[in-house]
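Participant: Residue numbers (my numbering), protein chains in the order written: chain A, 1 to 134; chain B, 135 to 262.
It should be emphasised that the hints constitute simulated quantities derived from the structure, not laboratory data. Warning: the hint list may mix true and false statements.
Examples of chain A residues toward chain B, derived with CB under 10 Å [stated by the list, open to error]:
{"id": "1", "residue": "Glu22"}
{"id": "2", "residue": "Pro23"}
{"id": "3", "residue": "Leu24"}
{"id": "4", "residue": "Gly51"}
{"id": "5", "residue": "Gly57"}
Where a beta carbon is used, it is the ideal one built from N, C-alpha and C, also for glycine.
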Amino acid sequence: MPLSEASAAPASEPRILVVEDEPLIRFAIAEALRELDVCVVEAATADEAWGYLASGGQADLVFTDHLMPGSMTGGQLAVRISQQYPALKVIVVSAYFNDRGWSGRVVRKPYKLQETAVELAELAAQSNRNRIER
Amino acid sequence: MSASAVVLLVEGDIAIRHPLAEYLRECGFTVFEAANGDEAMHALQTPELQIEVVLADMMTTGSGFGLRQWVRTQSLAVEVILAGSVEKAVDHAGGLCHEGPALAKPYQHHLVLDHIRQVLARRERGQR
Chain A
1 MPLSEASAAP ASEPRILVVE DEPLIRFAIA EALRELDVCV VEAATADEAW
51 GYLASGGQAD LVFTDHLMPG SMTGGQLAVR ISQQYPALKV IVVSAYFNDR
101 GWSGRVVRKP YKLQETAVEL AELAAQSNRN RIER
Chain B
135 MSASAVVLLV EGDIAIRHPL AEYLRECGFT VFEAANGDEA MHALQTPELQ
185 IEVVLADMMT TGSGFGLRQW VRTQSLAVEV ILAGSVEKAV DHAGGLCHEG
235 PALAKPYQHH LVLDHIRQVL ARRERGQR
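Same shape as in the complex, but just chain A (with noise of 0.2 Å):
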């Protein structure tokens, strides 16, 4: 992979955000992910997940957190994303989730790793190349 494509410029390969501020589950899924070829970001926190795009970092996916230290809850990041970058896609993860602002998809914690990680990849795939053909 040419460093152009490491970070801002429209990667070739599938690209997830994930937002995970308890650093072991974010490593676990995010080398899952890896293993199937995605390149993942990884955000500890929703303020800095939001850093990361609104610095024009790029994403097929956002797979998000939702309770997390910080000025945002993963909620609250999806909605926000939802209305900057509305292609963008945001999956929120959560053992128990009330937040009615975001009617967007939500994963309940615990989920299976491998499956969760395939259908992710799958996901930020199709989105990839959308994203390439816009």
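Knowing the structure of chain A, use the given hints to seat chain B on it.
Facilitator: Just chain B, lined up with the frame of chain A:
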């Protein structure tokens, strides 16, 4: 430096952490990313991760020396490399890559620095 295969990268700025981690992955390392000192300690207390080298930004860890000290008190067999600037962090990553597990090197590490600088500059423009 031995050709260790698992690196913990401790860096608080995603604009630096992500490209640097990707660079090290291209060099054949398994890289775990910690966004702060707490995450780093959590990772280092997880033997299953088999972390051999820690590359830490001193700003991120509060005091990088504190992290090194903590590693010593925990009797962890990991090498701690502290970087006081993004330039130093990239240089150290280049050094790891040079002696790393993969034979084919992906690209010159100064390109990583150029890339990081571009992203940081773009972010600064965006914030004005």
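Participant: Could you run down the list of hints and mark each one as holding or not?
Facilitator: Going through the hints against the structure:
1. Glu22: Since chain B brings a Cβ to about 9 Å from Glu22/A, closer than 10 Å, the hint holds.
2. Pro23: holds, 4 Å
3. Leu24: holds, 6 Å
4. Gly51: Hint on Gly51/A: holds, closest Cβ of chain B at ~6 Å, below 10 Å.
5. Gly57: With a closest approach of 8 Å, the Gly57/A hint holds.
Against the hints set out earlier in the document, no violation occurs for any number.
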